[in-house]
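Listed in order, the protein sequences are those of chains A, B and C.
Residues in the first sequence are numbered consecutively from 1, following my numbering.
Residues in the second sequence are numbered consecutively from 1001, following my numbering.
Residues in the third sequence are numbered consecutively from 2001, following my numbering.
Keep in mind that the hints were calculated from the coordinates and are not lab data.
Incorrect hints may appear among the rest.
[As the list claims (entries may be wrong)] Calculated pairs, PhoX-like style, for lysine-lysine (alpha carbon to alpha carbon, straight line, at most 25 Å):
no., chain 1, residue 1, chain 2, residue 2
1, B, Lys1154, C, Lys2077
2, B, Lys1154, A, Lys228
3, A, Lys372, B, Lys1091
4, B, Lys1091, B, Lys1141
5, B, Lys1091, B, Lys1154
6, B, Lys1091, B, Lys1106
7, B, Lys1141, B, Lys1052
8, B, Lys1106, A, Lys228
9, C, Lys2128, A, Lys372
Predicted model only: the values in this text are computed from it and were never measured.
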Amino acid sequence: MLGLNRKDTILMLIVIALTLGAPVLLNPFPADSAMAQFNAGYPDLMQRFVIFGILAIGFNILFGLTGYLSFGHAAFLGVGSYAAVWMFKLLSMNVVPALVLSVVVAGLFSVLIGYVSLRRSGIYFSILTLAFAQMSYNMAYSVLTPITNGETGLQVYSNDPQYLLGNGPQVTHLFGLEMRAKAVVEMGGWTFDFSVGYYLAAIMMLAAFYLSLRIFRSPFGMMLRAVKSNQNRLNYTGINSRPYTLAAFVISGMYAGLAGGLLASMDPLAGAERMQWTASGEIVLMTILGGAGTLIGPVVGAVFIKYFENIFSKINEHVLHGWFGWLPDGVEDVVTWILARFVGEGWHLTLGLLFMLVVIFLPGGLVEGGQKLARLLRRSRPDGTTPSNTPAE
Amino acid sequence: MGILEIKGVNKRFGGLQALGNVNLSVEENTVHAIIGPNGAGKSTLLNCLVGKLIPDSGSVMFAGQSVLGRHPHEINQMGISRVFQTPEIFKDLSVFENVLIPCFAKRDGAFRMHAFETIEHERDIIEQAEAILADVNMLEKRDMIASSLSRGDKRRLEMAMCLVQEPRLLLLDEPTAGMARADTNNTIDLLKQIKAKRNITMAIIEHDMHVVFSLAERITVLAQGTPLVEDTPENIKGHPKVREAYLGEAQV
Amino acid sequence: MDAIILQILNGLDKGSAYALIALGLTLIFGTLGVVNFAHGALFMIGAFCAVALQRLFGLSKTTIDESQVDFLGNPLKVQTPYLESWFGHDFGQALIDWSVPLAILLAIPVMLAVGYVMERGLIKHFYKRPHADQILVTFGLAIVLQEIVKYYFGANPIPTPSPAAFRGSLDFGVLVGFDANVIIYPYWRLVYFLFSGVIIAAVFAFLQFTTFGMVVRAGMADRETVGLLGIDIDRRFTLMFGIAAAVAGLAGVMYTPILSPTYSMGMDFLVLSFVVVVVGGMGSLPGAVMSGFLLGILQSFASMNEVKSLLPGIDQIIIYLVAIIILLTRPRGLMGRKGVMEE
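Please model the complete structure; the sequences and the hints are all you need to start from.
As structure tokens, this is what we get:
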């Protein structure tokens, strides 16, 4: 189907099913049950899943395939958001021009940064991208205030020109379909929200995923993996690696721009903090956590991080006491005290630890970890047959 | 007029004259060995041919075109392939992908934005790659990750990667360095087969006299960055100057 | 002319901090081959040693003075620092006043210990891993250290004043023949500059004149060969990591009166220090020091009003701009050796 082989078609169909069914699948607990706080099926969170999924898929095309570790990718996210908000301010609240411009601007910006940064490799490349991103961040707060609105952040005001607004909606919409609009379906104790914003972002992510699948299977993708494996040999094989890496850099920059545009489409705001280097670090983390260089890993990483960020931030000491009330008093206090350090405000601590643990113990990320586990389980099957992964030739 | 014409090439590193007025001509369809003691400038000369170094003066013409100032990938596209001292392969890729890449490089040039094509659909290229793997007896290993190959297989894979491009000149940088005798003999056989089958021009830099005299049709002896003498293997063996400068220590 | 001198002086203290952090980064990179993104966190931990000592010294005993009453008519509660009750009022007060410089004594063992644990527990396992992995794991560690400090000390900057004796300013202009009040320079910044000079000199002397230093320098030049000589280079490198951590920590301790420490200060300094290292040349100690001061001074010039009105915002980006230009025109940095980390 669509130029995919059987295995990839199945993978694509699974991803489509999971993405489109997310509003149901992520709400396994009845709305009024105690477990409802673990539900993730509400639009705001699901939108973040797929938008950061796009970001990580794009980053993976650069880092996962070529091995070039950019520490400044958040800059493209920020640029995409600014571009989108400007479209809202100048034209109308329709998201189409906003998304187009955010991709284009991020693309142009990444040509510029990529052209310079890719002249160096290894750690120098990382530091160059970091320097560019920090520079953009600093400029967004200082010289570029007329464009970025500095610390306040860029937003839409009622006296903005909005030349194409007419009688159109005052909130972000897709040809009249408001992003915040949603259909709420109640079934027994369960409540499911089907929101326009989520489905727009989800379709974008599916397109992004399909594109990355095609890139992975293409000769171009193979060249990118060859860059990571042995750039020297590649050059002596008659391939000019520079345009390949630049193309990968720009593609991943455009993915980040799209993600930034989508963030602004869901909530028409753009601030410089989106470009800070800790934000870039988070993108790296998502990709590594899920599994850099794997197809589905980055999305898994993005969902994992955003879900636990959301859940962990909500849990507090009070909630923990509720959970561990059955323990003897002294033990309960100790357990809740320790756990409390990692939840709520302590989410960043958990994030940092997670970062270290993944790099130390699971450099291949969750996807590879899952594969290892699956192989282990298969091997320990009683009949002792071990199905081989590689087709006999 | 040889396919490769090196004229008056000089290269200095600080105070060291690595190459001094090197003149060398490699005739088409011959195996030309360049030998010389350590520090004679063999590797420097090779690096000048492939675009890694640029000589201070002189000219290097390949098939009538200058290679100087060109990038390695451009020189490869002109028809010069290189085998390294330690096999340089794509160690994280499968054996098959290792040979696919040079096939694409030959057909599509140094860059092509083939991001939406699928490798599986490239029948011609796949056939080419399978044929060359069959040639070097590695077809059954096509799905192995290259890093898991034995050293001898890595060498054969690298050779296959170069040959599939059908280069007009194959440069070999000590292809048997650090190999056991058996592996060395295998490599010699492989090169002889290649020579017999494809009638390819080769320039070999080599330390091992056994390899040189098994393969070479012409030999140039470099000493202290300058060609001492160039002749057929028979004449080189008996040449007094060569014995003095080099072979005396190698016990032929 | 006076404006130029003033800007150079203003750039010195920031430059000193950059130089000290960059020195440690270079030592770690040069000896261990590790790119340490947690080095900024070490600077921050040093700064919080000063905060901790200040708090410790401030611990007070509450006594009730029956002879006095507060505005509600209750007997007055008097807070007396333990230090005062133990050592008498004058000496106790002096200790409290001098808590920042005294924190050096606390910071040295703390930083050596932190460095030791970090190297043995984590970094050691990453010598042979790709630089990307080193960057990522130390980045994670930096977040963890930062969050721990945030938990204990809160998110707000904590003022840590210098000793009263250094709170004034030196009229530097008068000393060199300008009018009074043209070039004034706070005493503490002068102290910081001199202090960093001493530390830098000590590190260089240590590397130059001790056998240990000689081995480390040899190791920086060629790790494998030194390893082949049968010298237990790993143990020495552990100590080197501790020393680099201590240098960063001391830089942090003494910087607290200039910038009230917050948990996130390490990250801010780290990014800049990395740029400093790259500009100076990866693996070059003199390069790191030189470019630290150079960039500090450059930044201070860029923040002059005359410059800013000509090139708005230049003060925010000058360092990055310089780094980008240097990396593109001279990739090994100002004083870097050829071949270090070019691939």
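Results of checking the hints against the structure:
no.: 1; hint: B:Lys1154 to C:Lys2077; result: violated, 83 Å
no.: 2; hint: B:Lys1154 to A:Lys228; result: holds, 18 Å
no.: 3; hint: A:Lys372 to B:Lys1091; result: holds, 21 Å
no.: 4; hint: B:Lys1091 to B:Lys1141; result: holds, 14 Å
no.: 5; hint: B:Lys1091 to B:Lys1154; result: holds, 9 Å
no.: 6; hint: B:Lys1091 to B:Lys1106; result: holds, 21 Å
no.: 7; hint: B:Lys1141 to B:Lys1052; result: violated, 32 Å
no.: 8; hint: B:Lys1106 to A:Lys228; result: holds, 21 Å
no.: 9; hint: C:Lys2128 to A:Lys372; result: holds, 23 Å
Violated hints for the displayed structure, listed by number in ascending order: 1, 7.
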